[in-house]
Amino acid sequence: MASALINVPKKAKRGEIIEIKTLMSHIMETGFRHTASGQLVPRDIITSFTCRYNGVEVFRADLFPAIAANPFITFFTVAKESGKFDFEWIGDNGFADAASATITVE
Amino acid sequence: MRKSEASTRRRFLRLAGSAAAIGVVPVVSLRPATATPDTMAAAIRNVVGTAAVKPGKVKLDIPPLVENGNTVPMTVSVASPMTSDDFVKSIHVFNEKNPQPNIGNFYLGPQVGRAQISTRIRLADSQKIIAIARLADDSLWSVSADVVVTLAACTEEVM
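In order, the protein sequences belong to chains A and B. With the numbering used here, letter number 43 in the first sequence gets 43, and the count goes up by one each step, no holes. When you read off a place in the second sequence, starting at 1, and then add 1000, the result is the number in the numbering used here.
Same shape as in the complex, but just chain B (with noise of 0.2 angstroms):
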């Protein structure tokens, strides 16, 4: 009995999964070819190589809901003591679901003395953003956010 119901439910999930891709794809294919979480992955890579990305030690403060994506504070800090054997080299912020994955690479050094950056960013959906250290040992640190943005950037049209 309970091995019909579990298989039911399997069932229904799974065409309401295919229902939801048919009814998504027709809407995708009609934006330009954005990124999504496999080309970020992709794009990580690219950057950081196959080294283990762990979490911790880095901190993104940027707002969990925006209205305008085309202008949003971002402010990536990471807890290191700078000192010239134990600092960070790099920053890298990568997004989900813009057209591209990339949002910037920092370079930073001893000399900076903190390790903290702000910028300001676009984002065309609400979506996940990831910002990740390379800190001298070239071991990597990541964290994420989640924002949600009510007013899309990057793909509008222009009047």
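Chain A on its own, in the form it takes in the complex (with noise of 0.2 angstroms):
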């Protein structure tokens, strides 16, 4: 399920801080929301999103019902290395995702 939208830089110099965006498709459901006969929603959210650079971890989030659906974070790296990038969304009732990026340092 191609439900992640990436973007990292295809090529960087080397020790250049590249910025990475990320967003993954998904309903974050707070689980404080009321159907109209008055049911409680249950929560259904990512919990946890990493992001490893060649299988060592450089950013990792928890997230909670705050952050809005559709998680969309970004953040900054430092291109060391040409090589790949796998990212990892966890979250409520079973869920798991992930996707990657590679990169060229020159």
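Worth flagging that the hints you see were computed from the coordinates, not collected in a lab. By construction, the Cβ of each residue, glycine as well, lies at the ideal position given by its N, Cα and C atoms.
Interface residues of chain A toward chain B, partial, derived using beta-carbon atoms under 10 angstroms: (1) Lys21; (2) Phe32; (3) Asp62; (4) Ala79.
Simulated restraints, written as ranges between beta carbons of each label pair: (5) B:Thr1036 - A:Ile90: 22 to 32 angstroms; (6) A:Arg14 - B:Asp1137: 25 to 35 angstroms; (7) B:Pro1081 - A:Ala36: 47 to 57 angstroms; (8) A:Glu16 - B:Asp1137: 21 to 31 angstroms; (9) A:Pro42 - B:Ala1052: 31 to 41 angstroms; (10) B:Gly1056 - A:Asp86: 33 to 43 angstroms.
Put the complex together from the two separate chains, hints included.
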């Protein structure tokens, strides 16, 4: 399920600070909403996001219901070497999704 | 003369305060449990412990007036050289009046190069947002911003 959008520069100079933008499609149901008949809609959110650069964790986030639907997260990292970024989202009800992007460092 | 004036004003304020409290309580009890400044303080203590949090170094970019609380862009940045011995370990964001006081915890390190993160958040009411950064030496820095929300998020009915 290609539900993730990743924006990583294809090329970078060694030591350059690059911006990484990620978006995962997810309802992020807060668990605080009610249906018209008064029933509570159970919580269904992404709780954790991790980014690894050639296997090493560079960025991690704990998410809460206060993060908007389709969590959009941007952060920076230093381009050290060519390789791969692995992104992982983990959430309620066994939700798990992953994406990756490659970068060439000159 | 001055004394009695002050006391009547005090009495008036007390009366007005209790009247306001009576007026407010039923409204609050209709809503699901919301975070209060107290629960926010507790949530902050949970994350940062008893260490002192100083104002400064952190910058919180969020619109002061938002129409739709369902998606509010937010950027947190910290003035830090991000070298191997002086960097930001983590950024924590809290709110005052959503059903839950936490917004997000973001774990950085010297490898990120620039201590800045952006995301989109939900706000259930006009309220204060607090961002706290933990640096490499475990010192804590914070900033707060007030946001006015016209359409609240989180608690509306599902159709």
